[in-house]
Amino acid sequence: MSALLVITFIALLLSAYTQYTTNMSIAGLVDASSSLANHVALKTLAYEEGEYTKEYVVDLQKIPLLDFRQEIGGENFMFQVTIRYTAGAEQVLGPYGPLPPSEGAVSSISVPVTVFDNYRFETGKLEAKVWRA
Amino acid sequence: MARLRREERGVSDVLAIAFMFLIAIFAGVLLHAYRLDAVTSAADRQLQLKAEYAYKTLELSQVENYSLSYLEAAAENLLGLGDTVVPENYLRERIDNMLNYLKPTDCSIMVELTNDNRSWVQISDNQPASNATQFTFSGDVTIIVAEAGENRVAQVQAKVTIYR
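Quick note, the sequences are listed as chains W and S, same order. Just so we're aligned, residue 1 is where the first sequence starts under our numbering, counting upward by one. Just so we're aligned, residue 1 is where the second sequence starts under our numbering, counting upward by one.
Rather than coming from a laboratory, the hints here were simulated on the basis of the structure. Every residue gets a Cβ at the ideal spot worked out from N, C-alpha and C, and that includes glycine. It cannot be assumed that every hint is accurate.
As the list claims (entries may be wrong) - To give an idea of the interface, some chain W residues facing chain S are shown, with a C-beta separation under 10 Å as derived from the structure: (1) Ser33; (2) Pro100; (3) Lys125; (4) Ala133.
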């Protein structure tokens with residue numbers, strides 16, 4: 001009987017550990033997608049006006065500069081970006097970057113941004129799909 | 001004379017074993033609940049980020065056909081300046097469209113500007129439930145009011161809230 005109890009407890013422990021690692025892995029991926037979207041909007045694609053960088057404003061001319069592989073917290077991630085904005089009708093640019101894997105976890109995030117297009121600041125959205133490389 | 005054999009289990013033994021199984025099950029539930037909220041917390045952090053970005057988008061992007069940003073135009077209307085650049089009805093319609101375009105899935109988004117006793121409130125959907133989780137980002141919009149003699153600086157408090 002005590003052997004059965006010990007086996008039950010070990011099985012519970014293993015199951016709980018598996019669930020814990022899965023949860024932490026998903027939470028890490030969700031946080032990585034937030035960080036990547038933030039990095040793209042505030043740095044990589046940020047519109048530059050003279051020597052000033054306008055954060056939260058996406059410059060469409062800088063899209064070719066995107067590096068779709070990034071290291072965050074010692075882990076490598078790949079991502080794909082789509083930009084939507086409303087200049088009259090909705091314009092959709094992208095997706096840019098590699099295709100997400102058909103298997104494995106992919107985290108998706110869409111953040112509001114301002115898009116600089118044709119000398120105007122338009123309302124837009126930056127969508128990123130992120131997965132572990 | 002009745003004799004107790006060592007192998008026979010009494011009621012107290014059965015109760016002790018049942019109690020140990022209960023403890024094992026309780027421990028299992030506790031172990032499975034450990035850091036169960038990690039994914040929810042990460043999703044909450046995303047919504048907080050989206051509230052910040054929604055505020056910045058309202059602050060930076062220009063109203064269609066005008067060169068003013070949404071928050072500047074709303075602040076001008078709120079202050080009741082005589083010669084507002086963007087008409088109120090047109091601005092309300094544009095902000096409605098914008099909020100519906102920007103709101104995250106299954107969430108409502110509200111923009112609120114206040115100055116003294118005046119306020120300008122617009123929300124993407126109906127009023128959210130009182131127990132809805134809120135993610136807020138706020139700031140100030142500064143408007144320079146041209147007055148006879150000298151210019152005056154007026155500040156309007158702006159707040160963007162995402163309800164889930």
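Check your understanding: Which of the numbered hints are not met once you compare them with the structure shown?
Key -> Violated hints: 2, 4; rest satisfied.
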